[in-house]
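So the protein sequences, as listed, match chains P and C.
If you read the first sequence in the working numbering, its first letter stands for residue 1, the second for the next number, and so on.
If you read the second sequence in the working numbering, its first letter stands for residue 1, the second for the next number, and so on.
In short, the hints are calculated from the structure, not lab data.
Errors might be hidden in some of the hints.
[To be verified] Simulated pairs of lysine-lysine, DSSO-like, Cα-Cα distance not exceeding 27 Å:
1. Lys66/P <-> Lys66/C
2. Lys66/P <-> Lys56/P
3. Lys66/C <-> Lys56/P
[Unchecked claim] Which bits of chain P does chain C cover? Going by a derived footprint, with three or more residues having C-beta under 8 Å, they are:
4. 3-14
5. 40-47
6. 52-58
For glycine and all other residues, C-beta sits at the position ideal for the given N, C-alpha and C.
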Amino acid sequence: MNQRDLELLSSYLDGQLKPSDSARLESRLSTDPDLRSVLNDLRSARGLLRQLPLRKAPRNFTLTPKMVGKNPPLPRAYPAFRFVTALATLLFFFTVGLNIFGTQLAAESPNFGYGGGGAPEISAAEAPAATEAPAATEAPALAPPAAQSAPLPTTTLSAEDAARNAAETQVEKFGVTEAPGLQSQAPAQDAQPVPAEASRPVFVPAIWQVALVGVALLSALVMLFMRQVSINRWRRK
Amino acid sequence: MRETSGKIISMDEQTLIHDAQAGNLDAFNTLILHYQDSVYNTALRILGDDDLAADATQEAFISAFKSISTFRGGSFKAWLMRTVTNACYDELRRQKRRPTTPLEPDTDDGDEMDSPRWLADPNMTPDQKAEADELEHALQHCLNDLPVDFKSVVVMADIQGMDYTEVAVAVRVPLGTIKSRLARARLRLRECLQGFEELLPASFRLEEGSSV
Numbered sequence: 001m002n003q004r005d006l007e008l009l010s011s012y013l014d015g016q017l018k019p020s021d022s023a024r025l026e027s028r029l030s031t032d033p034d035l036r037s038v039l040n041d042l043r044s045a046r047g048l049l050r051q052l053p054l055r056k057a058p059r060n061f062t063l064t065p066k067m068v069g070k071n072p073p074l075p076r077a078y079p080a081f082r083f084v085t086a087l088a089t090l091l092f093f094f095t096v097g098l099n100i101f102g103t104q105l106a107a108e109s110p111n112f113g114y115g116g117g118g119a120p121e122i123s124a125a126e127a128p129a130a131t132e133a134p135a136a137t138e139a140p141a142l143a144p145p146a147a148q149s150a151p152l153p154t155t156t157l158s159a160e161d162a163a164r165n166a167a168e169t170q171v172e173k174f175g176v177t178e179a180p181g182l183q184s185q186a187p188a189q190d191a192q193p194v195p196a197e198a199s200r201p202v203f204v205p206a207i208w209q210v211a212l213v214g215v216a217l218l219s220a221l222v223m224l225f226m227r228q229v230s231i232n233r234w235r236r237k
Numbered sequence: 001m002r003e004t005s006g007k008i009i010s011m012d013e014q015t016l017i018h019d020a021q022a023g024n025l026d027a028f029n030t031l032i033l034h035y036q037d038s039v040y041n042t043a044l045r046i047l048g049d050d051d052l053a054a055d056a057t058q059e060a061f062i063s064a065f066k067s068i069s070t071f072r073g074g075s076f077k078a079w080l081m082r083t084v085t086n087a088c089y090d091e092l093r094r095q096k097r098r099p100t101t102p103l104e105p106d107t108d109d110g111d112e113m114d115s116p117r118w119l120a121d122p123n124m125t126p127d128q129k130a131e132a133d134e135l136e137h138a139l140q141h142c143l144n145d146l147p148v149d150f151k152s153v154v155v156m157a158d159i160q161g162m163d164y165t166e167v168a169v170a171v172r173v174p175l176g177t178i179k180s181r182l183a184r185a186r187l188r189l190r191e192c193l194q195g196f197e198e199l200l201p202a203s204f205r206l207e208e209g210s211s212v
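Produce the entire structure from the sequences given, and follow the hints as far as they go.
Here it is, written out as structure tokens:
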């Protein structure tokens, strides 16, 4: 029995031959007892295998989330809390960085902040220059150095008044409308004599930082609680 | 060929497969309940041991769920059979690296059971049961002697009733190879069963003077 005939017989048994091949094989089968015998052997083997009872599965093979490494399903709000925690933490570190590096920059560069919100730094940096103003030079002489801040309003007021008076005089005299420009200089002069310690810049108040930490911690705790509840529920399944 | 229940993919099955591909474990478990007997029997006949077959079946379903996104349509049963066949091959490779376990389960005393649990059928008379057990035992013995490539093909085609195309998909070999393996497996089984002639029903006994 060659391999080709064996395959033909097996396929014939399963009805897998083309009609023409099938007819040719049937013709040979009618004259070849060996071929018939092998066909019967194959049929017998197939019949016995088909008689094997189909065993019922000894148990259910259904899967649990743990078996397939699935994470417990988390509540829908979980990602929102994760976002809030991340954002609050990020903002906190940003404010800390801003307060630290902003102060350093302001100290190193006197001109820093001229554009906006830099008035206090200017006053700190230029504090010595204030002595050039006639009114300011009088102040230290009148008060002890420790109480320098006390007479300052007086000096600033006097300087401001002087400037305003001069402006008014000019306006009255020449009819020129430059008063706003002059007046705008006055507050700058006014801020100059403030002591360095009192004018240390704080970009973000501490209360905001505490609030950010609080939000981050609270949100993280909520996340932890949600996760724990989900895991416990999942384990009970 | 026998009619195969998994051959026809119903709309429900397609929906379940789709849901399972989206990660729905409940949907996949419904599919498991439908196919677990077929998958288990395939593993049982390839491995010849109920505990190993149960392990392979479980592994196959876990693997199937994890890779269900790779199922691109066609016969889901054939796809599952490929998974269980792979799990059986893995188990057989593991067996090669460690001492083999006996086909027959041991009793508590360590003796082999005359009638193993996996052959038991409560609906038969004791005589029928004994005969069926012996015949099944003989068939399993002959299946165990086949090369694993032949065994998986003959189990799927003749025990699971899958058609050639499904078997080809399951074992990933060309149709011609399936025909060849199936023919040779059947012949080798028949030769092996000659040694159990007295166990075979009259209709399956070899004709006098038959030559292979």
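Hint check:
1. With a C-alpha separation of about 13 Å, the suggested pairing of Lys66/P with Lys66/C holds against the 27 Å cut-off.
2. The straight-line distance between the Cα atoms of Lys66/P and Lys56/P is roughly 25 Å, inside the 27 Å bound, and the hint therefore holds.
3. Pair hint Lys66/C plus Lys56/P holds up; C-alpha atoms about 25 Å apart against a cutoff of 27 Å.
4. Coverage of the segment 3-14 of chain P by chain C holds in this model, with 7 residues showing a Cβ closer than 8 Å to a Cβ of that chain against a need of three.
5. Check result for the segment 40-47 of chain P against chain C: holds, 7 residues qualifying (beta carbon to beta carbon below 8 Å, three or more required).
6. Restraint check on the segment 52-58 of chain P versus chain C: 7 residues with Cβ-Cβ distances below 8 Å, three needed, restraint holds.
Going down the numbered hints, you'll see the structure goes against none, and every one checks out.
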